[in-house]
Structure formats: structure tokens, C-alpha cells
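Colleague: Based on these hints, arrange chain B on the given structure of chain A.
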Amino acid sequence: MANTLGYGGMTNHLGDMQNSKVILIMGANPAVNHPVGMQHILKGKENGAKIISIDPRYTKTSAHADLFARIRTGTDIAFLYGMIRYIVKNNLHDKQYLDERVFDWESIVVEAEQYTPDVVANVCGCTAEKFLEVVKLFAENSPGCLIWNQGWTQHTIGTSNTRLGPIMQMFLGNIGKVGGGCNILRGHDNVQGASDMANLSDILPGYYPINEGSWKYYSGQWQVDYEWLKGRFKTKDMMEKKGFALSTWPWGVIDDENAANNAGTPLKALICIGNGISTITMTHKTKEALDKLDLVVFIDPYVNDAAVITDRTDNMFLLPAASQVESSGSVAATNRSYQWRSQVVKPLYEAKEDHEILFEFAKRLGFYEEFTRSLKNGKPSYEWPEDATREFNRAVKTIGLQGVTPERMKRQQENWALFDPLTLRGSGVVEGEYYGLPWPCWSDKHPGTPIMYRTDVSVMEGGMGFRAGWTDKGPDGKPVVVAEKNGQTLLAVNEPAGSRFKGGHLEITADNIESFGITLTAEEKEKVKGKNWKNDNTYILVNKALEAGLCPYGNGKARARAWDWADQLPKHREPLHSFRQDLVAKYPTFEDKKDHYRTNIRYASEQNKQNWVADFPINVVTGRIVEHMGTGTETRASKYLAELAGEMYAHIHPTLAKKYGVDNGDMIWVHGTGEGKIKVKAVYSYSVAETDIFMPQNFSGLWSGKSLVDKYPKGTAPYALGENSNQVTSYGYDIVTACPETKCTLVRIEKA
Amino acid sequence: MSPRNSTELLNSKIGRRSFLKMGALTSIGAVAVCSASEPVVKATPSQLKEAYPGSKKVKTICTHCSVGCGIIAEVKDGVWVRQEVAQEHPVSLGGHCCKGADLIDKVRSTNRLRYPTVKKDGVWERIGWDEALDSVSAQIQALQKKYGPDSIMMLGSAKVSNEQSYYIRKFAAFMGTNNIDHQARI
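Chains as they are written, first to last, in the working numbering: chain A, 1 to 752; chain B, 1 to 186.
This is chain B alone, in the form it adopts within the complex:
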């Protein structure tokens, strides 16, 4: 299942280091908790060999720090079910910190923001996308008209892709302001 490993694993020599131990425990923990919520059934030999038959493995990059570790995500029927270390990634070589080992939870944590929400009279209210976009856009236009385009501050992100980042900068330009910045300045 894992591709042949042609390079020496960084982990093999420093697996004793505590942060990696924690990382490993985290990912094992993730699987254990997940299975615990399912009814207990005896696994067949083929299931033992392959827990998610027909799944596909997607290569991607960790979203935490700038090292850019490889991640192999196992996806079954559109659901991210399991994550593997990327042993052959030329920078991470199978290494992960505890955050990277838990990247799967960035998607499936239950406390995500699920729908557009607005605070009104001190209370959070669920609203539709169209209502949110219409209301914000109308207010931006009103502020631009009354105070000028520099009344708007935009903050972009060191957490989005280059393509999105380029479009955030372009968006600020089209909004008519240079009031745009991101986390490089912290």
C-alpha cells in the first residue's frame, strides 16, 4: 500500500523524540475514537488488509507551517477517512508534527463554522449566502460612496493558495484601495 521508500526516513532515527511520539499518538487516537462510535463487527481478512476498499489516495500539502510537509489523504466516497505519512516527500520524508498528523481534523472537526452567520441585536443569526453577500456588498458600496474607497480595510491571508492570494490583491486594487495586508508583518 505504501510506496517503496527510496530515501532514508528521518523518523527512523528520531522517533524517540517526544513531539513525534505525541504526533503518532494523536493519529492513532483519531482512528480509535472514530471506530469506537461504530457498531462492533468482526473484520474479514480482506478488511484487515484494506480497511477502505476502493478508496483513493490524494497527495496534498500540510496547511500548518511553512515547511510544507507532504500528506497522503485517503478518501472514500468523497469522505476523508484516514491520513498517511508521505514517506517519499523530499522535505518531510515521512515526518510529521502533532499538527500535521492531525490535519484530517481541520476538515472534520465538528465545531466548524457551517453557514453564514450575522450578529444582529447582540444575537447570532443564521442567514443565507445571498442575503449575506447582498447585505455586505450594499454596505461596502454605501461606505465607499460616503467616505471613499480608503474607508475599507482588507486583510488577506498567508493561509490561502497563491492563486487565491493573487486574487485577493487584485480584489483590493479593484476596490480602489491599498489598505490590504497579511501575516507577513507579524
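Chain A with its partners taken away, still in its complex shape:
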């Protein structure tokens, strides 16, 4: 989505769904995964909004919907193109919006042409009539909001889903609109924040790319010498090369060929902080990796289930971390709102807060002084967490965290009753601020941006166009910011309300700022010489732009074509393990990809290895259940939640069950395409298609029919154990992000 609009964040917020007239939910199940968020959707329904659920499974969300369409997993692109085709054919598209704000939308129309209702029906497995019912209901009501979740990202083509969703929304003019938008519902409580802070192998905090310029910028922010920091890495090349991903690291341990991608070494140690690694596809490969490593360290409030999955006998450390209610700091909700989370009680037992543990390591590894220098920022000592908040306030300019100060967040917490749930706007002492100061929040005077890309309000009220900093390869092969591509402008034709400069413009730099009618004094010019809005520590460029009603990152068009991607326009490609082998030739996957997050990944060679569906004839859908979160390590350790949902199961359609002679409640073996197998209870359900089974992904502690409970340190086993569904999910990773393809998996089953 960031590569289409500019930012990857959820565009609107939960309360805003009450302003929608139609809500399309694809690849998400908020009734189960975001129950309190779902209440805003239901309020929207009470206000007259139509709810549409498109899913391979009739979920609890589907039960609340006005219209449900069942589609085969991994076919969302065909469905979306079919929608776009219908919208354009029936002149329901917002042509002015597209002309003013979207680059190369015409190519999408051409690409969409092949997706007739009959093609959609064939690829997606729903009827053409049902498809038409959905598109009519969605396109004929405005504003419409689109919701997705991991149902869209966990595919080889997940990033194409998350591009085509916003593109479809732009055909209806639904982005930058109250009650519209693309509302990606994040999973864990701080997925947004941990991404903003770059717990990611390809960026630095604020999505700065890991190139020389960013490393120099961060050396400055961290108040260390760039050469010293570079010296910490093996080479400059490795410093600028993206690392292993959460999904790919096991291959860095067990496949020797990947050492060539990793500075000549396999991975030898894992330090895992608050991460349930058994939710990655093919858990038996994670086990193999854990077994082989020299050193494994888990840092958690509860014993990480992976510590009992592995058979290693030595050199595995469990360090007790404080829970987050025994710590304090800010946390980013799904809608980019930063909330202050106060410490309730001091850490119990011998638990330490996560940062304390890092500081202790830094002392022993010899870089504590350098590590905490910018935290002190010239003072003799630091105050945690406020000085760390201030540090990222200073550093993270790209997504506008300057205004998200500890003082403002705490004042908002004290006065959270003063914010309107439908608009997030504050009154009284927080007059004019939006709740959580959703980023971008450009300065301590800026109110935050509850709804992104609005041009009907001014920049100082949260308005902005799309990104204008798209890059293309320059003559030397390095990226340069461009204002046009293929003879078409990348700059918007309209502008946010109150902008002093009319039309689109590039991102603000010291060199171009005066061309927008802004004047700088000689002293100011000297201070910002050679800088741009992303690296100007004086904030002069940002503040001057705001004064003139200009967005610091410019005012550009969204990109319907991503010219630097393998698929410039999103394309339907069959999953690696396709249920429809007959469609593989027409919609083949990508060529194998070398060195993808330091791993050589199979695409075509895996897809063509065998006729998968012949041996593995059942499609698997996995997902969460309301009682548990992630691996369930924390929730299954709660007596009450364990009592509410204490057992692993597989939902199976009675018709499918009959084929295998499976009665309701029988145990079945489920075998994955990648050698893993699990033994689970079959539970009859009409929620799944006759071709599918559904399994929760929140269990662990049973392994291929055996209990691992005795492998827990005494007194630490959770109350509920179950087979881990990811032992049978398939090989496969997104072509851009390496997100595992857990949502398209084939299995075979047999009665146990």
C-alpha cells in the first residue's frame, strides 16, 4: 500500500466506520480478531451501512453481514479486477478523482478487461451473480470503506492484493474521504509501532531505507561516528543489505546455500524478544533450525512455546521479561494513534523490562555508553521512557512523529473522555487535537491525521495529498526523485484546502522551497543548506511548509503502476500449492528468487514440482479465535481463557467428513505438503466449504500427537495445549515482503 499511496498505514480509523454507507470486508474477520473494533462496524450497520463479507469461510463477521460471498483462497485479485471492470463499464468510477490524483489508472482498466464476471466466477469459485451483487452493492453506495487483514497479506502475491485494494477504492474516489478508506486491521497491539520503529530488516526507524544516507543520518541522531557504526558491520555492503525476515531465518540456519547471502556464514544464534515464532509456516523447519543453532535466547514473560518444541539439550536461555502492563511507554494502535500505556505494577518476580535487558547486554558487549548517548542527549542521565520518546520525536521525520510528544500523549490519556469517537477530535483542554495524534503529526502544533489523504481540509487540520517522492533509477543506477514517468506527471492536479501553492509539487527541499512562494531569511537558508524535510534537524523546512499550507512530503499522485516491481500492475497468480492445477498454466507464479531476505526462495520450481492437489486434495484456512492471541503463549496461560477455548480442532464440512468416514469428534491426522503432520479433533461445521478445513492458529504444546508438557520448566506450562497448525501450512513467501503463504495451503487427511 505504501507503494501505491505513500504510506502503508490504515487510512481512516475504527470510529470512522460509523460514517460509512457500505463496508467491504475481505480477508479479515474483525468479529473474532478485533471484537471491540467490530462494534464500530455494527454501529455503522445500525446507521444504515451495508456490510459485505468476502471470505473462503463463513465467519462470525459473515454472520453479521448483509451479503456474503465465498471465494477460493488466494483469488482476491481476480475479484478486485472484476469489480474495477464493472465499475468502469457502468461509469460508476470517479473520473475527476482519478485524473487529478492517480498515476496511470488507465493501465489498470486495460488489465481489468480480461476479468469478466464469468472469469471471476471461474477463478474465485463464486457465481457470477453473487459477484455482481457484491460489486453493485459496493459501488452504488458511498462512501465505502474497505477492510482487510492477514487474509490478504499471507500469500505469494500478498503485496499485489494490498496494492489493488487501494486502487479499486480510488476508482470510487473512496480514499481521503470520511467513511471511506483502506482500513487494514493490524494483529498484535503494537504491530504498527514496531514497524514504525523498524524492527524490520530492510529499514531504519521511520521507514528510512538502509542506504548510506540514512545510516549517516541515524549516526547523527544516535550521536555516534558513522565510521564507528560502519565498523560494527562486516562490510559496508552488508550494512546496506536487507537481513533475514521472521519468515525466512530458519533457512539461514538449515540451508547452507544461504550462507552466501549472509556474509558467508549460516546463522549461529537467535535472540528472540517477545515473538511467537511458531506462528510462521512450517514449524517443523523452525524446530530443525532451533535444534541446530549454537545459542538460543528467549526473552518473554511466559515460556516461549518454541523452547519446548525444540529438542536441543544445551545452551538455551529463557530470560523473564516484564509484561507490558509492568512497563510504560507509547503504543501505536491500528489507526496510527499513539496511546500512552502506564505501568500498572512493578515487574513481578525477577522479571526485567525489555529495555533494561538490552542495556545490560550493551554493557557487557561494550557499547553501553554509545548506545545511551542520544538518550541522555547531553544530560548526565536519562528518564525512561520519556527520553526515548523524545529521541524518536527528533529522529522520525518521515511519518511526522515530531508532534507525538510524551507530554501530549499523557495529557490525552488523562482527558480521553474529551474525544469524540466518530471523529477522534478533542475538546476542552485538548481542543483541536485528534486522539492518539495519529501520524503524520508534523509538529507540536499539528493535531494529527485521523483520516489520510484528505484534500477537503487544510494540512494543519490533517489534510494531505498522496506522496510525491517516487524514485526512478538515475543514469548511475542510483534512485532519483522524479516528477514524471513515461511522459505522465506524478504530481497531483488538485491540492489540500488552504494550500498557498496551487497544484502538485515535489517534496520540500532547501533547493525548491522558495519556488512554492515561501521565502527564507539568509540565516535560515544557511541552516537548511543541502537538506530536505526528512533530514532537516532545524525543522525550518517543515514548519515553513506548514505555514504555507503545504504538506512536507509534497503533493503527488498515487501510483497505479509500480514501475520498479516484478509485477508493475498487480496480477493474479495461482498459489504455489494451488487447488486449481488447471489454472496454473494461465496464471503461473513467479520465477524462483535468489537472495530474497538473504534466502533462495522457490516459486516456479515449487509450484511445478508435482500435481500437488492430487496428493493433497484439501484446502486449509487457518485463523485466530477470539479467546487467544498469536501462539496463545499468554492467553493459554490464563485459566479462564483456557477454559473458554482449551482444545485444538479442525472444522470440517460434513460432506467432506463423510468421504473419509470421519464422525463429528473423531481424531484425524492432517498431513502438510512439507512433511509436517498433526492430530486434531474433527468438528463438523457448515462454515467451511466442502473442499476446505479450518484450523485455529493459536495452539501449541502438542507435537504430532505427543504432548510436550513435560518439556516445560516446572510450573510454567500453559493451561491449554494443542497441535500447532503451522506444522502443516505450506512453503511459500510473498514476492516483496516474504510474508509466508499460510493462507493457501493444501493438506491430506486421514482418520486417526
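Since the hints were derived computationally from the structure, they do not count as laboratory data.
Do not take every clue at face value.
What the hints assert, rightly or not - Think about it this way: if two alpha-carbon atoms lie no more than 27 Å apart in a straight line, the pair counts; the simulated DSSO-like pairs of lysine-lysine are:
1. K502/A with K525/A
2. K119/B with K363/A
3. K473/A with K410/A
4. K410/A with K146/B
5. K56/B with K292/A
6. K56/B with K363/A
7. K120/B with K363/A
8. K119/B with K714/A
9. K292/A with K120/B
10. K242/A with K146/B
11. K346/A with K56/B
12. K145/B with K242/A
13. K711/A with K120/B
The model shown is predicted, which means the values in this text are computed figures rather than measured ones.
Modeller: Here is chain B on its own, set in the frame of chain A:
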């Protein structure tokens, strides 16, 4: 005790929904089980009015999903004794799922990892913090020396604060590797 409610409660209209019922039962259950372990004494009128006199209420945020529901934690003498819904929180408006209603157990569940532990010769052993930190640090340095900084994989977390998250990324940089990732990629 509860602050005045200025916004319409989401719960008031959909309290019939089963997941919220379960949530409510869970929190009632939590209190009931707790009291059952105490000797039975007759409550005084003031105790009936206020079970934990002198307690303070701490506003915080649920740690389960990304909705970011408000939580009001009641703390007495450093112990989290009871949790209340946050009726005036602008997103959750008093709503909770069963996980949020049971957040208190994230702290007080008895099966937490209580002290540093190491597996040695197939057996879990309790060790001190210093011993654990010293041993891990020495091994990291040895691996870095022998195989280079990219021999280490770090996994950060979507479950820690932004401040801690920023420091995890910085830590990886100071370790000299980009082998760092978190749950965004699942």
C-alpha cells in the same frame, strides 16, 4: 467511582453478543475465584461500597490486539487487585473482549517465567541474571569473532512499547547486522 459517561456505550446495545457475555463472565469469575481463597468474613458497609480503600486507578492500554482498548487497573499497595472497563475511552467505550477483560491475569497468572533459566544437559536450571547475561554476551562475542556479526539473528516484537522497539532496532544496528525482524511479516 466510575467517571461520568458522556458518550453512548457500545456495550449497551450489543451486550447480548456472546463474546462479550463470555468476557463479562470471565471477569466476574476472576473476582469470585480470588475471594474464594480468602477466609470468609462479613463485609462492613464501607467495604461493600469500596472493596479496596486507598487504592489508585491507573489508566492503561490493553496488550492483546491493535484496537487499543482502554483499561482501568485498580492497584492497592503495589498489587493489581481489580480491573474496570474504561467507559470513556474514545475507541473502546467500555467494550472489552474476553482477552481484554482478563488482562489482569497477564500479570498474575501463576505459570509465568519467574527467573532466568537455562537448559543444560537436557535439564532446565535456574540461574542468576548476571550469570545468564555474562554467558550469553560472551558467547555472542565469540560467535561474532568467529563467524562475523551476521551470524546472529534478532527477533523484535510487536508486543513491546515504541520506545523499546526503537531501542531493539538500534541494538541490532550496534550489533552490526540487519538480521532483525518482527511480527509484521506474518
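Colleague: Next step is simple, just say for each hint if it's right about the structure.
Modeller: Structure-based check of all given hints:
1. K502/A with K525/A: Holds, at about 24 Å.
2. K119/B with K363/A: Cα-Cα ~24 Å, so holds.
3. K473/A with K410/A: 44 Å, violated
4. K410/A with K146/B: This hinted pair is violated, its Cα atoms lying about 47 Å apart.
5. K56/B with K292/A: With a Cα-Cα distance of about 49 Å, the restraint between K56/B and K292/A is violated, given a limit of 27 Å.
6. K56/B with K363/A: Given pair K56/B, K363/A is violated - Cα atoms ~36 Å apart, limit 27 Å.
7. K120/B with K363/A: 25 Å, holds
8. K119/B with K714/A: With a Cα-Cα distance of about 12 Å, the restraint between K119/B and K714/A holds, given a limit of 27 Å.
9. K292/A with K120/B: With a Cα-Cα distance of about 15 Å, the restraint between K292/A and K120/B holds, given a limit of 27 Å.
10. K242/A with K146/B: 22 Å, holds
11. K346/A with K56/B: Cα-Cα ~14 Å, so holds.
12. K145/B with K242/A: Holds. K145/B to K242/A sits at ~21 Å (cutoff 27 Å).
13. K711/A with K120/B: 13 Å, holds
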